[in-house]
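Single-letter residue listing:
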Amino acid sequence: SAVISQKPSRDICQRGTSLTIQCQVDSQVTMMFWYRQQPGQSLTLIATANQGSEATYESGFVIDKFPISRPNLTFSTLTVSNMSPEDSSIYLCSVEVEGQRAYEQYFGPGTRLTVT
Amino acid sequence: RKEVEQDPGPFNVPEGATVAFNCTYSNSASQSFFWYRQDCRKEPKLLMSVYSSGNEDGRFTAQLNRASQYISLLIRDSKLSDSATYLCAVSGSQGNLIFGKGTKLSVKP
Numbered sequence: 001s002a003v004i005s006q007k008p009s010r011d012i013c014q015r016g017t018s019l020t021i022q023c024q025v026d027s028q029v030t031m032m033f034w035y036r037q038q039p040g041q042s043l044t045l046i047a048t049a050n051q052g053s054e055a056t057y058e059s060g061f062v063i064d065k066f067p068i069s070r071p072n073l074t075f076s077t078l079t080v081s082n083m084s085p086e087d088s089s090i091y092l093c094s095v096e097v098e099g100q101r102a103y104e105q106y107f108g109p110g111t112r113l114t115v116t
Numbered sequence: 117r118k119e120v121e122q123d124p125g126p127f128n129v130p131e132g133a134t135v136a137f138n139c140t141y142s143n144s145a146s147q148s149f150f151w152y153r154q155d156c157r158k159e160p161k162l163l164m165s166v167y168s169s170g171n172e173d174g175r176f177t178a179q180l181n182r183a184s185q186y187i188s189l190l191i192r193d194s195k196l197s198d199s200a201t202y203l204c205a206v207s208g209s210q211g212n213l214i215f216g217k218g219t220k221l222s223v224k225p
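Chains as they are written, first to last, in the working numbering: chain A, 1 to 116; chain B, 117 to 225.
If you're looking for bench data, these hints aren't it; they were derived computationally from the structure.
Virtual Cβ for every residue (Gly too), placed ideally from N, Cα, C.
Be a bit skeptical, because a hint or two may be false.
Stated by the list, open to error - Derived DSBU-like pairs: lysine-lysine, alpha-carbon spacing no greater than 35 Å straight-line:
1) B:Lys161 x B:Lys220
2) B:Lys195 x B:Lys118
3) B:Lys220 x B:Lys118
4) A:Lys65 x A:Lys7
5) A:Lys7 x B:Lys217
6) B:Lys161 x A:Lys65
7) A:Lys65 x B:Lys220
8) A:Lys7 x B:Lys158
9) A:Lys7 x B:Lys195
10) B:Lys118 x A:Lys65
11) A:Lys7 x B:Lys161
12) A:Lys65 x B:Lys217
13) A:Lys65 x B:Lys158
14) A:Lys65 x B:Lys195
15) A:Lys7 x B:Lys118
Stated by the list, open to error - If the Cβ cut is set under 8 Å, some of the chain A residues that face chain B in the computed set are:
16) Gln41
17) Ser42
18) Leu45
19) Glu96
20) Arg101
21) Glu104
Pulled out of the complex, with its shape left as it was, chain A reads as follows:
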């Protein structure tokens, strides 16, 4: 498995501002992912962040709104830009590590964002 931390754990932000969420893992990993989980919903992938390349965004998510950095194999950031109340959600990073028979994903504790 992997030990993953996220900062901040929660924040309340005003609309129009931006928030950068940090994700730190205790080992070097190639694949890191950013998900969003809105209240009462399941997880939706925002983007895949691989070190040394541009992040790959899912349909409905764009780089201008959710810029991502991946400077090394243990760290990534997700910025939620020009926030609106619709961005209120839990943002989770995950990493892929090799399991016994398959690659497995482990999640950070999440960042609970409220936009007022």
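Chain A is already provided as a structure; the job is to place chain B on it using the hints.
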């Protein structure tokens, strides 16, 4: 058809009961399958990977049926501490996971 579908529940069962969850997926090319457990206001935690031959971990048994494109999770001798939402997840084309909406389980004394 949604990519990954689960019965949302809730499943309300007494302690000691056996409960089964099913999950169907639409992409026949998916290669990896998982069950996650998510407690209220917490992140999903990997419960089990699901292998073609089926696998068991204590009271938990997971099975995969590729022909019918569904996976299942069986929990025997339910404990109060098993109360949570159970998410099935299927691998996507980018190495990401596609999640179902989850099945809520409530185990009562």
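When the structure is checked against the list of hints, which entries are broken? Sort them ascending. Failing hint: just 14.
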